[in-house]
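With the hints as a guide, bring both chains together as one complex.
If you want the building blocks of each chain, they are given just below.
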Amino acid sequence: MELIKLSSLLVIALLADCASALYFHIAEGERKCFIEEIPDDTTVIVNYKVELYDPKSGGFMQTTPGIGMHVEVRDPNDRILLSRVYSLEGMISFTSSTPGEHVICMYSNSTSWFSGSQLRVHLDIQVGEHAVDYANVAQKEKLTELQLRIRQLLDQVHQITKEQAYQRQREERFRQTSESTNQRVLWWSLLQTGVLVIIGYWQMRHLKSFFEAKKLV
Amino acid sequence: MFTAPLLFTILITIINGVLSKSVELTFELPDSAEECFYQTMDKDTAASLEYQVISGGQYDVSVKIEAPNRQIIYQQEKMQYDSHQFTALASGDYKVCFSNEFSTFSHKLVYMELNVGPEQPLPGVGDHATVLTQLETSAEEIHSALNRIIDHQTHHRLREAQGRKRAEDLNEKVFWWSMGETLAIVCVAFTQVMILKNFFSDKPTLYNRL
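First to last, the protein sequences are chains A and B.
First residue of the first sequence: 1, per UniProt numbering; consecutive thereafter.
First residue of the second sequence: 1, per UniProt numbering; consecutive thereafter.
Same shape as in the complex, but just chain B (with noise of 0.2 Å):
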């Protein structure tokens, strides 16, 4: 009878340390429009975070972090990619903002990352006090290593597809060009000859009325 909640409790948790408070969005910013998001943090946590401009106009976003007193810690203009560290200064909702209101026609999509705290460490690993073994140190070791590797990853699948939705833009931009430059030869064509002739004819037109 006791064991249920208990049970529930231990779920619960279970659950919640899934929550790490490290999280990943790729969004799409409408033109002329500006999208929020809100991270409540305590006092002294350190948080970072990063952004990049996958597609859109001239890739450039204005980036703004604000803390829960309405104090700008962190603002930029037209940025393609960056990334800014800081620490709480007092608990609250902290406030990201990312503006398009520049762009009038361009819509965009960004990535962003937002780290707050240090990792959440395995369950069991660091609780006992003694000296870790080499083979601790070492997993601990590969394991940050292993953390780098996969956010350079992150890194050049995001230039990927930046390259990616560049080249597809652009191919369609040089196909509608050259559509039309055919269009304007063909016509251009026609209308040379007609103007031509316009010159020679006997009735008096446009051109040789002078």
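Isolated chain A (complex conformation) (with noise of 0.2 Å):
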């Protein structure tokens, strides 16, 4: 018995250190986004946890019963990959099909009972290598210590090749963009000259027969 209170002692003491990850405040309702540029096969692991202030005590209480977090997760197509209502706690994970820019965004499933209180949003948001948990692929793959270190060379080295795809993928297509508005701006350049001188031309023989007309000339 004393090891399983010893134990649960622990989980609580590590479930607390969860929360020195990075954290912000939102009002209730507020909707808050983030955006994540990663190549495609990408894992972006998100782990938040949600405190309501508490005005009584001025601080933050841990568990308010009814309240989500919903979340939602775009693809650079703005497709939706992800739209959830989520508990107060918890770790999301997805993987990335299209290179670009996805956003992640949370907001929480508000109550007119809360509303206006402030929300306490520990957030931390993991990208590619730092996703991949080595403790747990070292206990799974009996893999030893230098066995392990290659493996994390490895995924960074793999890490950095997918970055510079998209990065070549990435100027391929800025440099289209960019021969193409070249393109264009000759294009509207020559029209607009043929613009000018059809008008110049209009003018004159306009204001010709109008004098003309006048006897003037």
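Calculated directly from the structure, the hints in this document are not laboratory data.
A couple of the hints might just be wrong.
Using 25 Å as the maximum straight-line C-alpha spacing, the simulated DSS-like pairs for lysine-lysine come out as follows [what the hints assert, rightly or not]:
1. K64(B) / K43(B)
2. K197(B) / K208(A)
3. K173(B) / K32(A)
4. K78(B) / K173(B)
5. K197(B) / K214(A)
6. K32(A) / K165(B)
7. K78(B) / K32(A)
8. K95(B) / K43(B)
9. K95(B) / K78(B)
10. K64(B) / K78(B)
11. K162(A) / K165(B)
12. K215(A) / K197(B)
13. K95(B) / K64(B)
14. K165(B) / K78(B)
15. K95(B) / K32(A)
Residues from chain B shown here face chain A by an in silico Cβ test under 10 Å; the list is partial [claimed, not checked]:
16. Y38
17. L89
18. D93
19. F105
20. S106
21. V131
22. I149
23. H156
24. A161
25. L196
26. K197
27. S201
C-beta: ideal position from N, C-alpha, C; glycine also.
This is the structure we're talking about:
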């Protein structure tokens, strides 16, 4: 029994330690979005924990029933990858299928009871190689220290390669855009010159016929 | 019976291990708004903040780092990008604020990276007191070199995003400008003719009364 007590105590201590991540405040119902620009096939892990401001004690309550966080993840084509109401504490992970800017939005499902109060959100977002849990990998695959280190190096190199491929793709698209813009500017200026010439010609002809009708020339 | 909670503890430890205290965030900063982030830090831990404005307005933002005792550690007005290293003098919640209060209509995109403390070592590595083998030291070196590469890559990615956003912005501006200009040319052409005709017309008008 002592063991159970000890370990549950340890669990509580560790859970409290989870809260050491970065935090910020949002008002109830306020929407908060974060953008992650990532290459394809990259895993993102979002850890969050929400606390509600308690006006009585002036502190933040750990648990409040009835409030959840609505988390929404959109891919670069504005399609919804994930949209669900989660509890006050959770871990969400998703893997990108298209490279580009992924938008992660969170807001509380507001109940009129609590509206206007403040929420404290602890948030941690890990991308790619940072999202890999090496302790778990070592345990599962029975790797030695050096093997684990090599594994980490390999993951890092993979991430760099992916990022580089993505950069190259971006650069290519940007170049294409620039070239097409250049083309369009050229045509536009030709068109505008044409418009100017036509208008000038019309002005002259119109005025000439007008003067002739008035017998001024 | 006793193993279940123990296993759970191990699991939590593992999950906790993922939470190394380094976080990268890219967020939107609306006009005349201020966004603050808090980080709990222990005494004597080193931290570094890096930020860059990706798009919006003059690409500048005001940044402030405040210690738990409200003492200002770092303050910069209208910066495009910068990084700052500091050491926590006391334990508590450190506050990092990004302010866009000086601009009334430009909405900005800001990237921020906050590193707290040294990198979490790999489980098992560094536990033993023996001297590292050559292979281990070189692996360590490669690891830190790769970390630097990733940092540089991030920097490049942000620069690229900045350039791209700027180009898109410019494209839009040029488009509307040229639309307006075409419209102006046509209008001017017609009014010119009309006014000129009025000079010579028999009926008294605004222009030939004198």
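Here is how each hint holds up against the structure:
{"no.": "1", "hint": "K64(B) / K43(B)", "result": "holds (20 Å)"}
{"no.": "2", "hint": "K197(B) / K208(A)", "result": "holds (11 Å)"}
{"no.": "3", "hint": "K173(B) / K32(A)", "result": "violated (29 Å)"}
{"no.": "4", "hint": "K78(B) / K173(B)", "result": "holds (24 Å)"}
{"no.": "5", "hint": "K197(B) / K214(A)", "result": "holds (10 Å)"}
{"no.": "6", "hint": "K32(A) / K165(B)", "result": "holds (21 Å)"}
{"no.": "7", "hint": "K78(B) / K32(A)", "result": "holds (23 Å)"}
{"no.": "8", "hint": "K95(B) / K43(B)", "result": "holds (15 Å)"}
{"no.": "9", "hint": "K95(B) / K78(B)", "result": "holds (18 Å)"}
{"no.": "10", "hint": "K64(B) / K78(B)", "result": "holds (11 Å)"}
{"no.": "11", "hint": "K162(A) / K165(B)", "result": "holds (22 Å)"}
{"no.": "12", "hint": "K215(A) / K197(B)", "result": "holds (13 Å)"}
{"no.": "13", "hint": "K95(B) / K64(B)", "result": "holds (8 Å)"}
{"no.": "14", "hint": "K165(B) / K78(B)", "result": "holds (19 Å)"}
{"no.": "15", "hint": "K95(B) / K32(A)", "result": "holds (18 Å)"}
{"no.": "16", "hint": "Y38", "result": "holds (5 Å)"}
{"no.": "17", "hint": "L89", "result": "violated (18 Å)"}
{"no.": "18", "hint": "D93", "result": "holds (8 Å)"}
{"no.": "19", "hint": "F105", "result": "violated (20 Å)"}
{"no.": "20", "hint": "S106", "result": "violated (17 Å)"}
{"no.": "21", "hint": "V131", "result": "violated (14 Å)"}
{"no.": "22", "hint": "I149", "result": "holds (6 Å)"}
{"no.": "23", "hint": "H156", "result": "holds (7 Å)"}
{"no.": "24", "hint": "A161", "result": "holds (6 Å)"}
{"no.": "25", "hint": "L196", "result": "holds (6 Å)"}
{"no.": "26", "hint": "K197", "result": "holds (6 Å)"}
{"no.": "27", "hint": "S201", "result": "holds (8 Å)"}
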